[in-house]
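Protein chains in written order, with my numbering: chain R, 88 to 176; chain W, 88 to 176; chain E, 88 to 176; chain H, 88 to 176.
Honestly, the hints are just simulated from the structure, not real lab data. Quick reminder that beta carbons are idealized off the backbone N, C-alpha and C, glycines included. Please note that the accuracy of each hint is not assured.
Derived CB-CB ranges, DEER-like [as the list claims (entries may be wrong)]:
hint, chain 1, residue 1, chain 2, residue 2, range
1, H, 116, W, 146, 32 to 42 angstroms
2, R, 153, E, 108, 12 to 22 angstroms
3, W, 152, R, 116, 32 to 42 angstroms
4, E, 153, W, 152, 37 to 47 angstroms
5, W, 102, R, 158, 23 to 33 angstroms
6, H, 113, E, 119, 30 to 40 angstroms
7, E, 102, R, 146, 20 to 30 angstroms
8, E, 146, R, 131, 29 to 39 angstroms
9, W, 131, R, 144, 15 to 25 angstroms
10, R, 130, H, 146, 34 to 44 angstroms
11, R, 103, E, 119, 14 to 24 angstroms
Straight-line alpha carbon distances no greater than 20 angstroms define the calculated SDA-like cross-link-like pairs of lysine to any residue that follow [unchecked claim]:
hint, chain 1, residue 1, chain 2, residue 2
12, R, 148, R, 166
13, W, 164, R, 165
14, E, 164, E, 109
15, W, 148, R, 162
16, W, 148, R, 168
17, H, 158, H, 102
18, W, 143, R, 130
19, W, 158, W, 132
20, W, 164, R, 91
21, E, 158, E, 111
22, R, 164, W, 166
23, W, 164, W, 106
24, R, 164, W, 113
25, H, 164, E, 162
26, H, 158, H, 132
27, H, 148, E, 163
28, R, 148, W, 162
29, R, 164, W, 103
30, H, 158, W, 105
31, W, 164, R, 166
32, E, 164, H, 168
33, W, 148, R, 91
34, E, 164, H, 167
35, R, 164, W, 165
36, H, 164, E, 155
37, R, 164, W, 163
38, R, 143, W, 162
39, W, 143, W, 113
40, H, 148, E, 165
Number of protein chains: 4
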Amino acid sequence: MLVSGSTITLLYDHHRQHVQAALTDIQHDHHEVIIATLHVHLDHDNCMELLAVRGKAAVIKRIADELIAAKGVKHGKLTVTSTGKDLPT
Amino acid sequence: MLVSGSTITLLYDHHRQHVQAALTDIQHDHHEVIIATLHVHLDHDNCMELLAVRGKAAVIKRIADELIAAKGVKHGKLTVTSTGKDLPT
Amino acid sequence: MLVSGSTITLLYDHHRQHVQAALTDIQHDHHEVIIATLHVHLDHDNCMELLAVRGKAAVIKRIADELIAAKGVKHGKLTVTSTGKDLPT
Amino acid sequence: MLVSGSTITLLYDHHRQHVQAALTDIQHDHHEVIIATLHVHLDHDNCMELLAVRGKAAVIKRIADELIAAKGVKHGKLTVTSTGKDLPT
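Between the sequences and the hints, there should be enough to build the whole structure, so can you do that?
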């Protein structure tokens, strides 16, 4: 099994009321994959959300696609990192 | 001035004793840019660190390069997100 | 001016739809005080939210009271830490 | 089994070189309990660290005691929250 640790970065305007509820619902459906989420206020309108995720690469890809496609998300990116097992120490 | 919110993801083996001190020193030199850092234990050996950063794109790029080049870092990526001001709401 | 770094811990059921929107609204009103927020899924229903805050003690106390009193929050606590300036190194 | 979600808040001067390595070692020994850790720069010298933990109350208490007693930690507090199962919804 290929296990991968990755980051999903989302940018959205928190004034769009349903975006946050939608993102939380999706995240909760995959709570065994999403380790923790960090929220910061980027500026007056925009929130940036960083999700630390761990799981099979295909599952992570599908969750990221779903989050990034959610209505109200302005920008989203998946950054895949290896577990480092295949990298020189 | 172009201000950008971005994510720097770092993967390292915490058993490499000086890697964490080195990363903290670099982060502290730029504490006005690095908003907050989220740490998770990816597996027995590997830590994943997600840095939420806000600042000029060129400054962020330079900090990311310095962190990713630090001895002991196995993997690192910079994910640039727009502030969304140039995007349709 | 007394500046203090503190933690606000909140526990709520994310199925209560309006609780998250209410908490985000309050947090956004005080975005200059709330540095960053960490979300974790505690169990199937409950979310735990950790807010890192920095500011005058009286302001932090008022924000914490408002958040903890929000409808849907089951449990909330404010943990005040000193900046350490008055503590021996 | 009583499972509890809690927050451990730590305040330390990052210039004290071994404090961070010591804290990471302790945290790694208990990585099944510590979900994620949020770091912020409180001021020029002081770091604040918020640990989201989940586990048996007695285990969490022991880990918190160990972290707070670590050399270089100026201030530390354990905030216990219920899982909410015993609270009215």
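Checklist entry - Which hint numbers does the structure go against, in order from smallest to largest? => result Violated hints: 5, 8, 24, 29, 33; rest satisfied.
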